[in-house]
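A.B. asks: Take a look at the letters that make up each chain.
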Amino acid sequence: MMPRRELIVRAGGLAAALPLLGACDAINDAPAVRRILSMGEEMNRASQRALIDREALAREFTRADLSPVFRSNGTRLPPGAAYAAHAAGGFADWRVAVTGLVTRPLSLSMADIRAMPQRTQITRHDCVEGWSAIGEWTGPQLRRILAAAGVKDRARYIVFRCADRLGETLYYESCDMIDALHPQTILAWALNREVLPIANGAPLRLRLERQLGYKHAKYVTAIEAVASLDGIGAGKGGYWEDRIDYEWYAGI
Amino acid sequence: MTDLAPAPPPTRVYRHRLPTRIWHWVNAVTLLILLMSGLMIFNAHPRLYWGQYGANADYAWFAIGSTADTGYVRIGAARVETTGLLGRWTDAEGVEKTWAFPGWATIPTSYSLADGRRWHLLFAWVLAISLTLYMLWTALGGHLKKDLHVRRDEWSPRHIWHEIKDHARLRFPTGAAAARYNILQKLSYIGIIFILLPLMIATGLTMSPGINAAAPWLLDLFGGRQSARSIHFIGAWALVAFFLVHIVMVMLAGPVNELRSMVTGWFRLPAEKAK
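Those protein sequence lines, which keep their order, are chains A and B.
Mapping to the working numbering: the first sequence position 78 is 146, numbers consecutive.
Mapping to the working numbering: the second sequence position 243 is 229, numbers consecutive.
Mixed in with the good hints, there may be bad ones.
What the hints assert, rightly or not - Under the rule of at most 20 Å between Cα atoms (straight-line distance), these lysine to any residue pairs were calculated in the SDA-like manner: (1) A:Lys220 / A:Leu169; (2) A:Lys304 / B:Ala100; (3) B:Lys83 / A:Gly90; (4) A:Lys304 / B:Lys83; (5) B:Lys83 / A:Leu169.
Stated by the list, open to error - Where chain B lies over chain A, by a calculated footprint (3+ residues, C-beta under 8 Å): (6) 117 to 130; (7) 163 to 177; (8) 273 to 282.
Since the hints were derived computationally from the structure, they do not count as laboratory data.
Note that the structure is predicted; figures quoted are calculated from it, not measured.
Note that CB positions come from ideal geometry on N, CA and C, so glycine has one too.
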């Protein structure tokens, strides 16, 4: 047994070593190190794109697997009078603009979206934080909407603009055409056979199965086909990507 | 040193070949970074579940949390107060924090899930690539056959029990026997290289929604994403336990000699003890 006094002295030594941790943080923040660290994301994206079939489906579960409570995260109620008015009116006047590199720009009403062929899927939502919830989602496939708008060949990414903001800027997300055209990528308006709750993104949220939760943009107001993500936000492809360096490719 | 009779010249053996030495030190750095960045990732949601899903409303078999003034760790129904260390602690500036693992144990030291993930996911590649190369070299380069293969006579329960007793009494082999691994070393090294580290990689991949689409059998193998996450966490502490035993053994067996052999490859055989 170590005598108590010695233990205290050693603990003090440990505390004295704590400033060394500041050096670790300096390493973490160095631009060259950050460039090296981002190689991990590049390798994950390249390897997953190379190894995973474009159309490989995320696992679909049964109703017996549903989470009893589907947790919400991020914005649970978008601020502002405009959204409050939409919510009060049952989102009857909500419209989604489809713009950018398309031959036929669209402005879809919720009725238009519900009138399209629907896909229902019971999938697992994986938050970047580590928790998971299983829910049943219903909505049209994004590929149908993009086909209706006539996405041009030059389009490489689809950008989703949202009604919620955390701080000053509106939330946005983006994905490449492989995920945009994936059969399970839908614009969901129902969760567990009920109208999507506000906390989960009412009236419309993107389901981008095979990627982490922050990619699944809530409160979608516009869909834009673009050739490059430069000039959008800080250019990293999404709200959290711009702010705190979350990976743009969130497949792991 | 006080013996008057001249000591016999020490016998040196070339114990660790270059791939083993490189892999050992790459691993030392990689596993430390993976552990500390992993603790940061865990801090984002310090609860563990079994099964396909698991979020705050669901039963967590393991949780680190804090109440108004105490930190605690809960395993099943057992709850231990851990104020000052886990769940509630004071940082270097004297500010009280309530994340699960304290800043001195995580990469980076201040809360950043994004940065923790960047370190973790890059060094996961380092681990996966170096482990794959080392496994190939071990299997094909003779290391497995020459050093790690458990001979038939070593499998006898009497022999294993004898080795365990010798270890517990800190009786280490001397002379030529010290140059070879005993069965406990063989089993732990085989276990680390061929079972525990691959298990860590496989459970890590099972947490990837992208990989799930390509290899859904991983979900079946581990019983779901949250089960894989729990196994990943337990496996990390199994590696920490291995590390602690490993360090104690190095200290007891002669740290200078052991360190030198893992740097230069050359190991000085401990002289035979007088009977």
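A.B. asks: A separate judgement is required for each hint: does it hold in the structure or not?
C.D. replies: Consistency of the hints with the structure:
| no. | hint | verdict |
| --- | --- | --- |
| 1 | A:Lys220 / A:Leu169 | 6 Å, holds |
| 2 | A:Lys304 / B:Ala100 | 14 Å, holds |
| 3 | B:Lys83 / A:Gly90 | 17 Å, holds |
| 4 | A:Lys304 / B:Lys83 | 31 Å, violated |
| 5 | B:Lys83 / A:Leu169 | 48 Å, violated |
| 6 | 117 to 130 | holds (count 8) |
| 7 | 163 to 177 | violated (count 0) |
| 8 | 273 to 282 | holds (count 4) |
In this structure, the hints that do not hold are numbers 4, 5 and 7, in rising order.
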